[in-house]
Amino acid sequence: MLNNLTAHEAHSLLASKKISSVELTEAVFAQIEKTENKLKAYVTLTKDEALKRAKAADNNGNFTGLAGIPIAIKDNMCTKGILTTCSSKILANYLPPYDATIVEKLAAAGAAPIGKTNLDEFAMGSSTENSGFHTTHNPWDLNTVPGGSSGGSAAAVASGECILALGSDTGGSIRQPASFCGVVGLKPTYGRVSRYGLVAFASSLDQIGPLAKDVTDSAWLMNVLAGYDPKDSTSVDIPVPDYRMALVNDVKKFRIGLISDLMGKGTDEAVKAAIKDAARKLESLGAIVEEVSLPTFEYAVPTYYLIAPAEASSNLARFDGVKFGHRSSDAPDLLTMYYNTRREGFGAEVKRRIMLGTYALSAGYYDAYYLKALKVRTLIKQDFEKAFKHFDVLISPTAPSPAFKIGEKAADPLSMYLSDIATIPVNLAGLPAISLPCGFSGGLPIGLQIIGEAFAEEKLLQVAYTYEQNTEWHKRRPTL
Amino acid sequence: MKYETIIGLEIHAQLLTESKMFCACSTKFGAKPNTNICPVCTGQPGVLPVMNQKAIELAIKTALALNCKIEKSSVFARKNYFYPDLPKDFQISQYELPLATLGHLDIVVEGKKKRIGITRVHLEEDAGKLVHKGAARIMGATESLVDYNRTGVPLMEIVSEPDLRSPAEAKAFMETLQHLLQFIGVCDAKMEEGSLRCDANISLRPAGEQKFGTKTEVKNMNSFKAVFKALKAEEKRHEEVLSEGGKINQETRFFDDITEQTIGMRSKEYAHDYRYFPEPDLVPIEPSADWLAKIKNTSGELPEAKRDRFLNEYKLPEADAEVLLATPALTAYFEECLKLYDHPKTIANWLMGDLTAYLKTNNLAIEQINLTPAQLVEMLQMIDKGTISGKLAKTILVEALKSGKTIKDIVAEQGLTQISDEGEIKNIIDEVIEKNPKQVGEFRSGKDAVVMFLVGQVMKLSKGRAKPDAVQKLLRQKLGQ
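Protein sequence lines correspond, in order, to chains A and B.
Residue numbers for the first sequence follow our numbering, so the first one is 1 and each next one is one higher.
Residue numbers for the second sequence follow our numbering, so the first one is 1001 and each next one is one higher.
Same shape as in the complex, but just chain A (with noise of 0.2 Å):
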């Protein structure tokens, strides 16, 4: 089946001309037909607008890169004139005047967008029960979640409902719902993509990145979206790398860390010996491996839940019903236009995640909140610089567990907040990591995930590539 193929070797067929794009895009739209009542990855399918897209890269034939590659677009991107909701009620009618510059990027590359796939509200969730349209169900068990809050397009790949897709992560975003799909997610270094049209959760730790099959496919999408744009002044304007040249199979004498932290009682039996296992797997291949403790890591959780609803309490203050979006019809005066209006829009975790915001903010609470979160942040990233004094690359678990039930930690959002815990402290100290299957338990995979250093995404894709290499998981894939 062609929508099974991975973007590199759609690629060659597409450039020896054995396949054309229109039948690699039509293979995806079939799977879509086939399992998306059961998946439903997508908020929205464009289905013409690929097809358009996939023409014009047959007719003209030149396949470099990108190419005529379906792909999948995570609602909280903006698309010109396509519908752009971030799964939330109040944006369920937005038609974005504009592209984000990824988008633009992916236009630019030739690839065929063939449509937008569902998330936790405003990409704030775990599992996609947080979307205010549907729960996005696991492709290996229906019913387990995706993960979140990019688990459609996470489900997506995992299910050859599109070639490649891309995810957001703020905490975890893209690697958790890559480790419960069996994929590979690739979070990059804070400022190495842009995030202008990104619709922001919280601003400083937000970050675009690919989710695909394998390791090679994410270099390639990380090969068209990494660069400075001077419409985000928090992207970095330095060279962008061919991360094709990362993927080399050895990691011989390469110092690899094993986070201590992350092993203890809080994370699964099964999934602490498939990352013992990888630790191993990376020692028989050369690499030395040791245990390494990163004592802030335990603040991490509570110090994100400071500051990443705090910059969202003020990014979702503009879905006002003033100008897009949702707009209350019960609005006999401006207040009460506001209260209902939100009332109406957003759903419960956001609305949680506001309140904790605006509390966190608010006079009088700012430094006992907001400031000491601000400064244990710089703690953790210290303790991630002495770290890598001694490493090369850091290693651990991407999540606790494998995929958990559709409607298990629902009711408990503690619970839910802390299957992020081995993802959040990247996204707080603002580097590079990536989540690849590395085992399974139970019929569900088990992610592993490597961190490196700030602009360090070749060591994690060199790494990542050599374990791939020498191991099957990423073969695998979910009957549906």
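Mixed in with the good hints there might be a few duds.
With a straight-line cut-off of 20 Å between C-alpha atoms, the simulated PhoX-like cross-links for lysine-lysine are [to be verified]:
| hint | chain 1 | residue 1 | chain 2 | residue 2 |
| --- | --- | --- | --- | --- |
| 1 | B | K1129 | A | K323 |
| 2 | B | K1247 | B | K1002 |
| 3 | A | K55 | A | K18 |
| 4 | B | K1247 | A | K323 |
| 5 | B | K1054 | A | K231 |
| 6 | A | K323 | B | K1032 |
| 7 | B | K1360 | B | K1394 |
| 8 | A | K265 | A | K409 |
Sample of chain A residues facing chain B (criterion: CB under 10 Å; computed from the structure) [unchecked claim]:
| hint | residue |
| --- | --- |
| 9 | Y98 |
| 10 | P295 |
| 11 | E298 |
| 12 | Y299 |
| 13 | S329 |
Hints were generated in silico from the structure; no laboratory data involved.
A quick note: this is a predicted structure, and the numbers were derived from the prediction, not measured.
All residues carry an ideal CB built from backbone N, CA and C; glycine is no exception.
Keeping the supplied structure of chain A fixed, place chain B upon it in accordance with the hints.
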């Protein structure tokens, strides 16, 4: 009891940039509603702000002129509050770490110089404009429309120390500041048009007391006169309340232009909690030493230094310096002339005299005339060479200002060059002698003063082109003296 008045000002000045603070939209005033807008300044989901370097440069220029310390690192902050004229429902401003601090501005009140402290200078973005139907405010309106053209226009906030001791000082401060802002070209600073706005904090305390009294904030003062009147009214109100043993409520008060009284708006107790925090979408402003030096170099000489130079170097009277420094354009005109013609007092006389008179009569500003400094100088040089007379020059100047023609063209067209050909003058003299036998007789019989009448006749016939002294000499020769 005698009271001392304490006033501090908070000024907002629109910076003269082509584009907005955080996007490329035009700042042009008067465009059709919602035409100078884009995804960024309308706060569409996903957009990010990008700093306008020119706005930062102009604010630094101002801060330097106000003798401020430019901070090594300053940070934008979000000021969060909900209002329909604010698309993001937060304003990007500066809070804990402003662009510049600790400056001062010298003002002159009743001939005495006084130094007023500047607390801070910072940058922020303007909000949009609301228009209501059915009521004056959004509360009670049947319909409210919003125009986002002004949203994101760069604003500079200047905060003074509470160093002002009277409404007159406050007015003088605003006038001096306006002059400075116009002079360094960062703001057109027209209070009536809103490009310069000011709020005032005012309190009274018993004379000799160290502790400040309770202050009120006065808003809606749209001219220098209004600043003075509003603060006078508020000063009086405070005094009346206090001397009757009453208490001043800390509140914001609105100046009513018509009644010339202040009206309470809302109590500070209900003031918003703006939940300021550092803007995560922008990086700190960290001006390099090179950049600061460059800005300093382009700033030029400040009004005070110029005044000193006019008095000491050019030996101009104080009144002249005052007039020449009144508007930056006039000063620039004067200095442009001076580059070409090294007679400061002569230039000053012409600028303050005939040129200013013409501008006044025709209600024009010097920026609006076609006559260039080079042409004015050319005319002055013609006078010096004797090509035209000083008296004729006055007519030529007005003609040049009216028609927009060059001095040279006017002189040539109308044949206004002085007659240097003696033969031609002699012919005219002959004609005058012939036509005025009576006066010629009187002169010959010893009435010397009559010669001036005859000179006048020659001048008249020559249409003023003859040189009076040459005519007199030739006349006397002719009449045998």
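Status of the hints after comparison with the structure:
1. B:K1129 <-> A:K323: Judged against 20 Å, a Cα distance of about 14 Å means the pair holds.
2. B:K1247 <-> B:K1002: Given pair B:K1247, B:K1002 holds - Cα atoms ~16 Å apart, limit 20 Å.
3. A:K55 <-> A:K18: Holds, because 15 Å separates the two Cα atoms, which is no more than 20 Å.
4. B:K1247 <-> A:K323: At roughly 44 Å apart (the allowed maximum being 20 Å), A:K323 and B:K1247 break the hint.
5. B:K1054 <-> A:K231: holds, 17 Å
6. A:K323 <-> B:K1032: This hinted pair holds, its Cα atoms lying about 18 Å apart.
7. B:K1360 <-> B:K1394: Holds: B:K1360 and B:K1394 sit about 16 Å apart, inside 20 Å.
8. A:K265 <-> A:K409: holds, 18 Å
9. Y98: holds, 5 Å
10. P295: Given a least distance of 27 Å, the restraint on A:P295 is violated.
11. E298: violated, 25 Å
12. Y299: violated, 20 Å
13. S329: violated, 16 Å
Checked against the numbered hints given earlier, this structure breaks hints 4, 10, 11, 12 and 13; the rest are met.
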